[in-house]
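Quick note, the sequences are listed as chains P and R, same order. Per our numbering, the very first residue in the first sequence carries number 1; after that it's consecutive. Per our numbering, the very first residue in the second sequence carries number 1; after that it's consecutive.
Heads up, some of the hints might be wrong.
With a Cα cut of at most 27 Å, we get these calculated DSSO-like pairs of lysine-lysine [what the hints assert, rightly or not]:
| # | chain 1 | residue 1 | chain 2 | residue 2 |
| --- | --- | --- | --- | --- |
| 1 | R | K112 | P | K129 |
| 2 | R | K112 | P | K231 |
| 3 | R | K139 | P | K223 |
| 4 | P | K129 | R | K111 |
| 5 | R | K166 | P | K499 |
| 6 | R | K166 | P | K280 |
Stretch by stretch, here's where chain P covers chain R in the computed footprint (C-beta under 8 Å, at least three residues) [to be verified]:
| # | region |
| --- | --- |
| 7 | 16-27 |
| 8 | 30-37 |
| 9 | 78-86 |
| 10 | 140-153 |
These are calculated hints, taken from the structure and not from any lab test. This structure is a prediction, so every number in the text was calculated from the model and none was measured. Idealized CB from N, CA, C, for every residue including glycine.
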Amino acid sequence: MVYLFGSWGRLLRVDLSTGRMSTEEIHPMTYRMYVGGRGLATYLLWRELGRKWRDVDPLGPENILTVLTGPLTGYYPGIKLVVSGKSPQSGGVVGSAVSSHVAYAIKAAGYDGIVVSGASRDPVYLYVKDDSVEVRDASKLWGLRGLELVRALRDDVGRDLPSLYIGPAGENLVRTAAVMARWFHAAGYGGYGAVMGSKRLKAIVVEGSGPLPPVANRDDFAKLRYEVIDKVAARTTFRRWGTTSGLWRVGYETSSEPIRNWQEEWHNREEFSHAPIERKHWVKNPWADWGCPLACMKVSRAVVDGVIYLTDGPDYEMGAYLGSNLGLFEVDKVIALSAIADDLGLCGIQVGNVVGFAVELFERGMLTEDDVGYTLRWGDFKSLKKLLEDIAYRRGFGAVLAEGVYRSAVEIAKRKRLPVEDVLKYAVQVKGIGVGAHGIRSRKDYPQPIAYAASVQGGDHTSVAGLPANSEESEVWSAFLDSAVICMFTSVEEDTVLKFLNAVTGWSVTKDELYGTIGPRILSLQRILLLLGGPDVRWDPRKHDDNPPRFYEPLPTGPYAGSLVPREEVSKNLVEYYRQLGWDDLGIPTEETLRKLGLYDAVDVVRALRRELGAS
Amino acid sequence: MSTPQGQLWILVDYTACSGCRLCEIACSLKHEGVIWPSASRITVYEHYPGAPVPQYCVQCPDYPCVNACPTKALRVDQATGAVLVDPSLCTLCLKCVEACPGKIPKVVKGKKYVLICDLCMGDPVCAKECSRAGYNALKVIRKPANTGIKHYAKPGSTLAEELGRKYFT
Numbered sequence: 001m002v003y004l005f006g007s008w009g010r011l012l013r014v015d016l017s018t019g020r021m022s023t024e025e026i027h028p029m030t031y032r033m034y035v036g037g038r039g040l041a042t043y044l045l046w047r048e049l050g051r052k053w054r055d056v057d058p059l060g061p062e063n064i065l066t067v068l069t070g071p072l073t074g075y076y077p078g079i080k081l082v083v084s085g086k087s088p089q090s091g092g093v094v095g096s097a098v099s100s101h102v103a104y105a106i107k108a109a110g111y112d113g114i115v116v117s118g119a120s121r122d123p124v125y126l127y128v129k130d131d132s133v134e135v136r137d138a139s140k141l142w143g144l145r146g147l148e149l150v151r152a153l154r155d156d157v158g159r160d161l162p163s164l165y166i167g168p169a170g171e172n173l174v175r176t177a178a179v180m181a182r183w184f185h186a187a188g189y190g191g192y193g194a195v196m197g198s199k200r201l202k203a204i205v206v207e208g209s210g211p212l213p214p215v216a217n218r219d220d221f222a223k224l225r226y227e228v229i230d231k232v233a234a235r236t237t238f239r240r241w242g243t244t245s246g247l248w249r250v251g252y253e254t255s256s257e258p259i260r261n262w263q264e265e266w267h268n269r270e271e272f273s274h275a276p277i278e279r280k281h282w283v284k285n286p287w288a289d290w291g292c293p294l295a296c297m298k299v300s301r302a303v304v305d306g307v308i309y310l311t312d313g314p315d316y317e318m319g320a321y322l323g324s325n326l327g328l329f330e331v332d333k334v335i336a337l338s339a340i341a342d343d344l345g346l347c348g349i350q351v352g353n354v355v356g357f358a359v360e361l362f363e364r365g366m367l368t369e370d371d372v373g374y375t376l377r378w379g380d381f382k383s384l385k386k387l388l389e390d391i392a393y394r395r396g397f398g399a400v401l402a403e404g405v406y407r408s409a410v411e412i413a414k415r416k417r418l419p420v421e422d423v424l425k426y427a428v429q430v431k432g433i434g435v436g437a438h439g440i441r442s443r444k445d446y447p448q449p450i451a452y453a454a455s456v457q458g459g460d461h462t463s464v465a466g467l468p469a470n471s472e473e474s475e476v477w478s479a480f481l482d483s484a485v486i487c488m489f490t491s492v493e494e495d496t497v498l499k500f501l502n503a504v505t506g507w508s509v510t511k512d513e514l515y516g517t518i519g520p521r522i523l524s525l526q527r528i529l530l531l532l533g534g535p536d537v538r539w540d541p542r543k544h545d546d547n548p549p550r551f552y553e554p555l556p557t558g559p560y561a562g563s564l565v566p567r568e569e570v571s572k573n574l575v576e577y578y579r580q581l582g583w584d585d586l587g588i589p590t591e592e593t594l595r596k597l598g599l600y601d602a603v604d605v606v607r608a609l610r611r612e613l614g615a616s
Numbered sequence: 001m002s003t004p005q006g007q008l009w010i011l012v013d014y015t016a017c018s019g020c021r022l023c024e025i026a027c028s029l030k031h032e033g034v035i036w037p038s039a040s041r042i043t044v045y046e047h048y049p050g051a052p053v054p055q056y057c058v059q060c061p062d063y064p065c066v067n068a069c070p071t072k073a074l075r076v077d078q079a080t081g082a083v084l085v086d087p088s089l090c091t092l093c094l095k096c097v098e099a100c101p102g103k104i105p106k107v108v109k110g111k112k113y114v115l116i117c118d119l120c121m122g123d124p125v126c127a128k129e130c131s132r133a134g135y136n137a138l139k140v141i142r143k144p145a146n147t148g149i150k151h152y153a154k155p156g157s158t159l160a161e162e163l164g165r166k167y168f169t
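Okay, chain P solo, but in the shape it has when bound (with noise of 0.2 Å):
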């Protein structure tokens, strides 16, 4: 008998297209391969999906989203959940991170994860209440905003229940979209609103009476779980400041703040920092999501030509992308676009991202008032917020954006008749992905030379890759705590959180088996589904395994003006970084590894990947 703690062994599956509702059982050792959340998701995709990944179109029927927890989530301080799928962005597999409350009312259901696929006719939503579950009518919900959703679902269903959704962007299928949870948080790597779209699925509302399943050591889990408060709950300033404090550090003092679509990063404007805006917009701190003793979340407020505008922070991510990248500094209308960003369900960073690329070609005359039907300018706080709106709802040069800054390159090189390099060098993004609003040409940053360019999730700067791979520096780190599903700024060392794992579950995970098992075997599917990608676009890791050309460019000013990361250490580090975590030059799984990770089936994909790019 294979006993099972932290997670319940059960699926919760709904296939809109039939309305077929069932359970799934996972068998404890998949758990135990592959921990839960990313790495089930990853798992599950390639279960189901692997075979015919190429064809799998990610916004058809066909695609599966999952929405998982893992072992850790409910015990660990701070709460995630995990959203994948085929993604829209990449062809590959994203683990989405969002803090949800619907993470901990999932397992007190009874489920470790929900898993919908096929795709409905009609609008509708998922009302999950323990094990009864219904598909319910959503014709009266489509096309409200976040904030009017949420309080229209709590309408609904008779009170406050826990639910994740899509605005606007989701249902109009936009890459960049959002899966939304509680007014202004996002899983917004992967552009899974965008697949919630286009199974016509409005918001999955889940109401979970139960207790959490048994943890294997009760005595442990009591001790760790007060040291892991005691250890977050010292970190005075985080509370106090969150990741708002970032806009004015990562600018001014490790120059690698996105700027103006990362013409710079550098700044020293005060206005951009955490005193003022403390001072002039916060009107409630601490603000914290489920279990979590960190708070790093704070709502500010902001009135713009009348209107009242609430979002968080803005948090580093959303401030830094929707402020600087676009040359806004003024705050009050930075929390206004991150407010509409989050009330329209666009993932700040990959709309930030695509709508700085759109200002630049604009500056530099290769867009023009004819292609856009208005004038795009750094810091126009009026035409970019048009601009995400007709993002959102596909609206004129908007559907152009709307598929993302990689497909919109490649959408405006035909347009105007321009080799497709000369769009792309604009595009601040790896595979698909927007690049977080962390640099790395300062050096002074978290991230290393391969941080993105080796990323089995593109740009994600929740999930950089870096040498050692057996270190906190590698993406196993990023990808193991998606998989026991914990929040990162929470996370302590990792001796304390494997402890922790091991309390719960009942596992002996040692460092060993994290850096040399589970973490490449998550990985390696990652990445092997990554390079199948498809149907509409195709990774080649001799090209694609770069850096943003932009990133090539020396920092034009502040006090690293003339850092670069050069292109020979990029590549040095990647084949390094792929040969520790035993794949090829290629960064293609060996043989060997596969078998050593006991991913035997792959073994012939990897076969065919290798012919076809042309690799011994």
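Put chain R on the given structure of chain P with help from the hints.
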């Protein structure tokens, strides 16, 4: 912070409450031995961003729930002032819920009696947890003589609407 002597009361600071629900987690761990938010005797409601309100029994001076109980399952613990439920006498008739101005006694699937805050018999774990996490939104004090404490007993949705509207509308 030492716990005061005599009958107790939990004083809430709405501006300090982060909405993190560690109080719910601690309460269910203490009373049920597992993390079980539905069975927590304290519940956080949040209708507007950043406007969470914890709701729990406020030990009304006239104890309408105790008076309404037809089976004498509820009684007042004279030491702490808490309402104690006798599981063997409670029939889940819900008269106490009807009588409560906040509809606070909880009925939970899997429990055969109503759940009401027992002030942890003098050492409320929710307040300890809240302080340990650095929020200090719940403070244990001597039970105030003011009969107005009863006005904290309101349905969760009322509390969340009133507080949220003050901030955001």
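Now for the hints, and whether the structure bears them out:
1. K112/R <-> K129/P: The given pair, whose Cα atoms are some 20 Å apart, holds under the 27 Å limit.
2. K112/R <-> K231/P: Answer violated: K112/R to K231/P is near 38 Å, above 27 Å.
3. K139/R <-> K223/P: With a Cα-Cα distance of about 24 Å, the restraint between K139/R and K223/P holds, given a limit of 27 Å.
4. K129/P <-> K111/R: With a Cα-Cα distance of about 18 Å, the restraint between K129/P and K111/R holds, given a limit of 27 Å.
5. K166/R <-> K499/P: violated (44 Å)
6. K166/R <-> K280/P: holds (18 Å)
7. 16-27: holds (count 7)
8. 30-37: holds (count 6)
9. 78-86: violated (count 0)
10. 140-153: The restraint on the region 140-153 of chain R is violated, since only 0 of its residues have a Cβ under 8 Å from chain P and three are required.
Checked against the numbered hints listed earlier, the structure breaks hints 2, 5, 9 and 10; every other hint is satisfied.
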